[in-house]
Every structure is written in structure tokens, then in C-alpha cells.
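Protein chains in written order, with the numbering used here: chain A, 62 to 309; chain B, 17 to 336; chain C, 73 to 523; chain D, 11 to 296.
Check the hints yourself; a few may be wrong.
Taking lysine to aspartate or glutamate and the EDC-like style, the derived pairs with C-alpha atoms no more than 20 Å apart in a straight line are [said to hold, decoys possible]:
| no. | chain 1 | residue 1 | chain 2 | residue 2 |
| --- | --- | --- | --- | --- |
| 1 | A | Lys302 | A | Asp267 |
| 2 | B | Lys257 | D | Glu229 |
| 3 | D | Lys266 | C | Asp348 |
| 4 | D | Lys266 | C | Glu330 |
The hints are simulated quantities; they were obtained by calculation from the structure and are not laboratory data.
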Amino acid sequence: MTVSALEVRGLTVQYEGLRAIDSISMTVPKGGRYGIVGPNGAGKTTLFNAMTGFAPIAAGSVTLGGADVTTRHPAVRARMGLARTFQITHLMPTLSTFENVMLGSLSMTGESRSWWRSRSSAKLSVANTSSVIEMLDLTAVADTRVAELSYGDQRRIEIAVAMATRPEVLLLDEPAAGLSAAERESIVELLLNVPDSLTTVVIEHDLEVVFALAETVTVLDGGREVMTGTGDEIRNDAHIKEIYLGAE
Amino acid sequence: MTSTGFQRDISVLVGGAVLAMAPLVLGDYWIGLLTQALIYGAVAAGLDLLIGFGGLPSLGHAAFFGMSAYGTAMLTTQANIDPLAAALISVVGTAIVAAAVAPFFTRLWGLGFITVTLAFGQVIWGLAVRGGSRTGGENGIVRIPRPKLIADVLSTETGFYVATVVLVAAVLFVISRIAHSPFGLSLLGIRDGEQRMTALGYRVNVRRSVVFTIAATSAAILGTWFVFFNQFIGPSTLEWKQSAGFLLAVVIGGRASLWGPFAAGVLLTLLETVLTGETTLWPMVLGIFYVIAVLVIPDGIVSIRSQLVSLVSVARGDQK
Amino acid sequence: MRRRTYGSTQRLAIAVGVISLLAAACGDSDSDSDSSEPDEPAPAEPETPDPTTPEPETPDPTTPETPDTVAEVETTDAPEAPVQEGPIKIGVLNPTSGNFTVFGEQSNAGIELYFEGIENTVSGREVELVFADTAGDPQQALEQARRLVDSEGVDAMIGLVNSAAALAIADFADQNEVPLIIAVGSAAGITLPENASDWVSRVSVASGQEEAPLGWYASTQLGCASAATMAWDFVSGNERAAAFGETFTAAGGEIGSEQRPPPNATEYGPFIAALDPGSTDCMYTFVVGPGSVAFFQQMEDFGVAGEIVPVGSGFVTAGILDTLGTTALGLVQSGQYTPSFDSASNAAFIADYSAKTGSEAGVYSSQGFLAAEAIALAIGALGGDTTDLSVVASSVRSLSFESHAGPIAFDENGQAIRDLYITRVVESGDGVVQEVIDTIEDVGQTWTAPG
Amino acid sequence: MRFWTFQVLNGLTSGAILFFVTVGLTVVTGLMRVLNLAHGALFLVGGYAGLATIEATDSFVAGLAVGALVSGLLGFAIRQAFATALLGHTFHQVLLTLGISFMLGNGILQVFGGTPRRLLAPSYLSGSVDIFGVTYPRYRLMLVVLSMVAGLALWLFWERSSIGAMVRACVDDRPMAAAMGIPVERVFSVVFALGAALAGLTGVMAAPVKGLHIGLDFEVLLLAVIVMVVGGMGSLTGAFIASMLVGMIDVMGQVKFPELSSLTLFAPVILILIVRPQGLLGRPLA
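Input sequences plus hints: build the corresponding full structure.
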């Protein structure tokens, strides 16, 4: 049997007594497209934080390509191929787009340790960076400081930086949040075109986006798994509708 | 692209060459003063690696400068070790100390880091002041021999000055290489987005510790050199006001620009020494200078230029 | 990225530009002063061989020898340069900021007072004083000394009220071959045979010079059987306390608790508390300036003041004594100067000083005055000729004159040999004064108890 | 025994002084995240102002009032003049306030001269009393008692009064407080001025024990910073405990291991910062 790219078992995170997420389990096969939806405060981002090691895990386990990483440092998980984007843009504002993406590349190629040769001579990373920038069509803003860019561009860079690490598994935290319809279009477009080998898990508030991007979808509410199924199953479930109506 | 790196390296050499010419126009006093100023300037540049790139504002940098200075002084005067050997031992020793404390200190940032470095500096200062005959207490240590180099060039002010220019150029060169390397970029990344860098697979604290150690080591090298120039070392070199001086140089010069802090360090040293000679009001003037510096050029000398640049680019944008 | 690296290229270029410009600027201003100061670069050559020539003389520059060397200099140089070009430049190194400010101010005032007295002229040459603030810090003192010697081209340096600065500058004067006269800075090493320098003399005491006699005096004359010591924990503090203890025990006394507060401390409660008034007759104190104010106050607060007789080195005079007021009552001191010393010249000194500054003369102003007097007399003896600074330095050594504080002469290490005055602080009118209760004559750095 | 009784009392005395100096500093730092290096200078300014007043009016109380007032106003002026810079980068604050303290220190030197000054305790508090079998200065005992009382009073004000609540709210979460409609800016100004006033007041109170002289400002400042860090920024109770602790350590260290006094004083700070960055009772720094 093939090892799943990402496997989560009974994952639980506790903040002063209250359970932010409560024994969540999910299995994502290699190259799988997974979605997580749920109203605000459902625990979606906390789930990501727990997977990537930014939130303390009270119980459960996280397995990456067959290797248990539950107790590993976030940086180690990242180097093992677990990349993520952040819901609230987390970029290096004073650095240019190129430099931001370059940081992702350097981490992947291991050239980030070189302290003597100039950045430009980190050939692998430069090449990788250029290609990622091209792929996300950021060439125009490559040399601009991120702080000076539009929100739309920043969301793209957010993804670009994560992609630059050539991850096995990519966790996308509301990639389309706060974007105009057009921008949303292009992001979805872009995410549909990621290489098949790449496993993605996307959190979205906007159901349509999720259904477009994910084969399997888990619905969270109050930190608990409500149901898991295909887009259509979810779409036609009365209970889900009610949660969402409640939320909106 | 590599050509620009090459140009940068060249420019350091050219700069060094120009500075090396100074003795042709300057008298002994100014040569001596400039020697000291260059040393302090280079320390500021090293500190910029920590503050500007690492984002860690240290108020105890003088500790490392003074630690290796004292080490060299004690080894040469009390153990009669050859100056160069003593210098080597002190620098390595200081680097080890820095590397040992770095992992703990760099867990803090902002005010926490400022305070812990301040406290560390005070401990070192206290040990020097109360160190009895070993450190000479507040009397410090006199008659520190200079190394005997090719034809004893260091025995004359001019010879020592030229050697200093070479050393400082070398230090700046290395610092600037580090700053513009992938490692340097990762420091900027950590400064700007610690969490993101972790998510990208960077061990933030390790890198912070490394840059802390590098900055401390550069200070140590220059501290040892300073003691050779000065041939005296006293506790005031370890005072936290000294550290504040280095910090001021970095801020006035402009963080993460390296040359700015260097230039500011040089100019401030000259200014302070001249002021001290001219007026007993010098602490007042210095104080006013601190305040004005923060209010007028909070982003340092470099910002002036970059502001102009951005203005220009805006203008260009309009034309399109 | 390209922009970045380019930037740094230009930046470094700019940096270099700025500095070399500045350097050039300094260069001009300096080269002028060079030309106006021919004796600055010039002596370098003749001097370096010189020390070898006076060397045979200086081992015994006692009264017979050096006068003729001096005469020599005068006769040979008189025809060529009857009066040398330009003023005599004297560098004055004293703290006018930091913890020792009060001493520096008094010393400077004393120095000014002397030169005003001789209309700032020595054998027809104008005297120019160049003041420099040491802040009491040897490092800053060193930087200022470099300015005085390399930039101002002074013919001699005087001052230095604190040991740390004095030590550093003594070494500097020796290396740079500039005559130095120390006033107050008492580090013993400066004038010990092993590292005494022909260039350095001291009109004031070396650590121990006051305390050795004081220890003997406390034991034999004040009848103290046991004593405690309360001295700042730094080199000269320990030197002084040790010297006191030596002669005190030698004379049969016994040293009890030895307290070492940190220098410049303002809180002495812990150390006073460690004393045992019951078994302590007197206490040697070396706590000066700001410290002494707090110290004597706290002695009184803790009710120890009456129980133990405080004895100390003659540092509590002038401003400080006024500040201390009655808390210092009964303090017995041994010092080279006291305003109560009864002589016409001292009376004049005190009068002129208060006329000039509006405050009372004390040991610091007196020592400053003396240093000024010494350098002036030394250069005067050479007919104002300062072409050969090594001769100036040895001329200081050969001085022997009657000062406002009594007779003064120098030993072969440049340490002044002077009378010590034993004083006691007593009430007078609304304030307190020192009253001379004894005099010990011709005390040098080493002293042996009578009998 | 007698020795230790004395030393404990001495520890308490310097602890008491430390507490008064630090309270202002710690609240300002905790509240505004501003390390005010001019705090020591404000202490000294207050002290000299008080001295001048007492010499003129012969009233110790007047001296206390003027000392507090002068430093308070000065603090207020500083806060108003440099409002933005004070909220800027950490090292901007450090350099700005350091510059100010240089100016104030040198200003004092120019006005009052370098001669150290002595300030007598008021007659009704001078002399000494027998307590626990030792003779101890009345004034110092008064300081110890006063610090206890003041500590309690401040604590009550801090915990119970509405103003105290406001300040605490700002310390905890500035944006939240602002959202709740607390006039954060004004709170800042007031607290900054009060902190300065407290420093000035202490300058006068401490003078009869420590005396007044140039350079005292930085000695006091460093101690205050230590106490603040150990106690935890913005924590009153922490400041009180830390003051007494540091006071004791300082006294014992000086008497028992003089050559290590810097170590005994500063090493604990480093340890606490590393093990517990937020101090004994405080929130994380920066």
C-alpha cells in the first residue's frame, strides 16, 4: 500500500481548558487535494498550526510521508516538505518580492548556509526563485519591496514563498480571503495548475473556492469534525447549510 | 551580477587606499585620532550586522570589545606572551564566550535583549573594576606592547595607522560579504518575519546566535587592535555608555547599511574627542546630539539618500 | 538585488569620500599649527638620542650636579635664542566632569592663581595654559594628553588629581618624552625606583607617604591600641590602608576589621555596621569627595561618630570640610597642606584664592598651585628655554624652594619630600576648621619611625 | 547577630529607596514599553531642586514637594515633546532618553557645581533609635516603613481605583484598551509625569542617606533597571519584592564578596531574564 502524504490522528489542541480542536483525524494521499471548511472560530487555522508545529499538541499525532513529526520543531517539518501559507499575510515587508521568494528557495536548496559567496552566486536558488516568480506571474513586481505592493500581489507572494520550498505538502490558509472576484479567479486558476505530485490542503471560508480546489472536504465546527466527503455530498447536506446560515 | 560583488570588493580596497594616504596631509595627532575613529567605526559596522540585519539592539557590545582588549593586555603584560599570540588567544576566547551566551540571549528581543546585554556588560565591567592586580582596577593596565611586525612598522603612528586601515578594510570586507550572502539575506528575513522564516525551515535562534557571535568576534578583533594602538586599557572602555555610543553610531548611520554605521562611528569618535577638548559642556552637547539625531534622522544618514531615490522613482512613475 | 549591491558600492565610495574630505579638512587646520609650532616635530630627532646624555647625570641630579648642567644649557643656548619664539605652552590635565569634578575645579583654580600671580610670563616668555578635561578617566586623559602633546605641542603637562589618570599619563609622558608634574594623583608606583621616569615628578604625596607617619602617630601619640581601616577598594586605597597598618602595628597597635567599600560608594551603612565600636579606638579612613560626605553623615547616624576617633589622609579640606561640617569633628588627618598652616605666604595664598574663587583654599588647590610654581621655576631656571624638554624635566628635579605650604625638594625618583602636618577638625564659630596639632618634617615616599 | 540585624535593616533601607525609584520606571516601561534612561537624571534633578528649596525655606516637606513637582513637570515636558519618538523603535527610545539624561546631568553640574552636597534629615527624623538590640538611624527606619505604606497605598490605587484599572488595561493590551474608549494617550502622559515626579520625590527622600553628587543619576538608574527587570515590567508587587531582594543582595554582596559585587548584582538579572524573561511577576518583554 502507498504511504499517505499527510496523516493526522486524533489531533487535539487545548488553550486554558477549552479545546480549540478536538481529536481531528484526516488522511491525504500523495498528490491529493483536500479542503477544510467551517465558520469562523471552527478551529481551521489552529489545525494548521498544530500540523506545522506552531500550536502545542495536547493529544494525537501528525505523520508526514510515513514519518511521525508530532514532536518535531516547525523548521524541521518544513524541511521535510511541509509548507504553509498564512491567513494574515506573513511576508518580509522591507524585502523585495524576489528576496522573499529567494528565502524560500534558499531553505530548499540548503544554500542558505553559505555566508561568503554573494546571493547571486547561489545558482540553484536563483533559478528556482525565477521560475516560481514566473509561474505565479510576479515578474513585474520582482524588484519591488513587498510593503509597497497591493494586497492581491501580497497574497500571491504568500503562496509563491511557500511554493519556492518545493514542498511535498502545501497547506493553504484562506488563499483567496479578501480578494476581488477577479483576483480570486486567478488564484484558483493558479492553484489548479500546481504539479500533480504536490499534495495540497486548503482552508477556505468561501465554499465555492473549496469545491473548485478540493476532492475531499472536511467540515469543522467548534473544533470538531462535522463531516467529511466530496464537494457534492457536502453541498447537499442540510446540516452544513444550517451551520453556515448560522454563521453568516 | 558577480561583477557588482567584485566592484564592492574593489571599492573597499580603493577606500582603504584613499584612507591610507591620509598621513600625507595629517599630523600625528589627527592620525592617532583617525586610527581610533576607524577602529570604532568598524565596531559599529560589526554591530550593524547584529542590529540592522539580526534585528537585535545590543546595549552591551563594548563588553566584547573590552573583553578581548583586557585579555590581550593581561596576557602580554603579566604572562609575557607574544602580542600576536595574546591577540589570537583573546579573540578566540571572546568568541567562545559570545557563542556560549548567544543561545540564551538571543531568545530575547527588543527591551529584553537590550536589558540582558546591558546587564552582561555591567558584569564584565564590574569584574574589570574590582579585578584587583589582574585588571588593575580603575587604574587599568599600562605599557601594553605592540606586536613586532615587518620592520616594526607598528612602532610609528603612521605605520600603525596604515596597518589599521588595512585591518579595518579587511574587517569591513568580510562583514559586507556576510551581509550580502544568502546567510545575510536570511537574517533580514528573520528580522522581518520570524514566524514565516520558521515556517520556511529556518532555525531562527541558531542564526541569531551565529550573527551575535560574529558581531562579538569582530568587536573582539578590533578591541585587541585598539589595545595595541592605545597601549593602555581601562574600565571605561567597558562602560555601558561606550555601548550606547556604538548603538548611536548604528542608528545615526542607518541600520543594515554597514557603511552608514561605519561612517557614523568614525565621525562620532572624532566629534566627541574634539568636543571634549573644546568645552566642559561636552556631555550637554553630546546629549543634545543624541536627541537631535533621533528626532531628525531616525533612519540614519542612509535614509536621506534612499528618500531621494524613492522621490526620483516616483517622478519616473508619473511620467509613465 | 542588483540595486542593492550597486547601492553598497556607491555607499562605501561615499563613506570613503566623506572621511577623506574630513581628513583633508583636519589636515589643513593641523598643518598650520604645525608650521606655527616648529618645536613640535623638531624635538623628536634631538630628543631620542638625548635621554642617553642626561642619563648619566640624572641618577644623581642632586643639588651640586644639575645646576651646572642647567648653567651649561643657559650659556650655550643664550646667544642663539635669548628668548625663544612663541609662548610657553603648559597642558593642564584635570577632571572638570564626572565624579572628581570638585577636585579638578579646585586644582585648576590653584594653577590659574599661580600663573596670574606671575602675570603669565616666565623669563619674558608668555605662558599659555591649555586645559583638558580628563573626567577622571585614564582613557579620556590619554586622548586629551595626545591632543596636548601632538596637536597643541605643549612643553609640559601638570595636574592629574586622581591616581588612575596619573598612572596612565605618567607612562604616556615617559614614552612621549614630555615633562609631567603630578598634583595629588598618588599611585605609589609612579615614583618607585623600578618604574620611575626622568620625565615625571610629583609635588604631592605618593600613597603611603601620609599614612606611614599617621599609623605611627595614631599608635604612639593618639594612644590608639586597636584600629579599623575603612578604605575605598581600589589600588591607592589599599596601598594607603596597608601603609597605615604597617607602621601602626609596628608601633604595637593592632588592626581589627578592615572594610573596603566600593570606590565612590554613597552607602556605608553595611560597612559601618561591620565595625565594633567597643573594641576599636580609632579608624583609618580613605573615603574622599562625594563618598566622604555620605560616610561621615552615616557615621553620625549610626551613632559610631563619638565612639571611634577617625584618622585619615589629608583629603578633607576646603569645600568638602564645609559640607561635612560638624560630622567631621575630631577627624585627625596627616597631610602636606592645611589652610591652618601658619605662614605669610600661606595667608596670602588663601586670601588670593578666596578673592579669585570666593571659596576656601584646600589641599587640591594648594597642590595645583605648587605644580604650577614648580614648572614655572624649573623653566625659569633655564631662562625660559624649552628647546630641550629633557633639560626641563631634570630642572624640575633639581628644584628646592620654600612654598606657601613649607619647604619642598624632590628625590631621585621625582617624588616631593615635604613636611606633614597633623591636624584635627575642631569647631570654630558657626563652622569647623583644621587645627595643626603636630608637624613631621621632611617626609618622603619611604619613611622610618623615629627611634 | 548584631551584624546581621544591621545588614538586614540596611538591606531594607536600600530596598525601600530602590522601590520608590523603580515604581515610576516599571509602570512607565510596562505601560508604554519605553525604557526611560532619563529616570536616574530625573531622580537627581528632583534631589537638587529639593536641596535648593530646603536651603531656602528650611522646610523638608517643601523640598519633597518641589522635588516631585520639578521632575514631574520635566517628565511631562519630555513626554509631550518627544511623544512620537518615545513610541518609536526601542533603540530610538534608549538613545533619546540617554541623551536627555546627559543633558540634565551636565545641566545640574553647571548650576550646582561639582561639590557633593549633603541634605540633612529634618530634625524630627534625625538621630537614632534602639531596635532589635541595635542603634539604627531613625530616618532610615522611617524610609523602610514609608516604603511599606506607600507600596500598599499604590497597590490599592493600582488594583482598586478606576484610574488604576485604566492603566492596567493599557498595560495588558493597548489596542483593546483604546477600543474600550480609554484615552490611552492621556493615560500615557499622566503616568509618565507621575513616574518622573516619583523619581524626583525619591531624589529628595534618599538625599539624607545617599547624599547628592554628579554621577549618582546613573548609579540609581542601573539599580532601578535591575529591580524592574527582576520584578517584571509593569508589576507593582514585583517591583516591591525585587527592590527588597536586590537591596539585600547588594548589601550582603558588598560586605561579604566585595570583589564580586557586580556579579552578585547583575548575574541574577541575566539568569531571571533567561529563565523567566517576564521577570518574577510580569508579562514578557518587548
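Outcome of the hint check:
1. The suggested pairing of A/Lys302 with A/Asp267 holds, with an alpha-carbon distance near 13 Å, which does not exceed 20 Å.
2. For the hint pairing B/Lys257 with D/Glu229, the CA-to-CA distance comes to about 13 Å; that is within 20 Å, so the pair holds.
3. Note on D/Lys266 and C/Asp348: the hinted pairing holds, with a Cα-Cα distance of about 17 Å set against a maximum of 20 Å.
4. Note on D/Lys266 and C/Glu330: the hinted pairing holds, with a Cα-Cα distance of about 12 Å set against a maximum of 20 Å.
In summary, the structure agrees with every hint in the numbered list given earlier.
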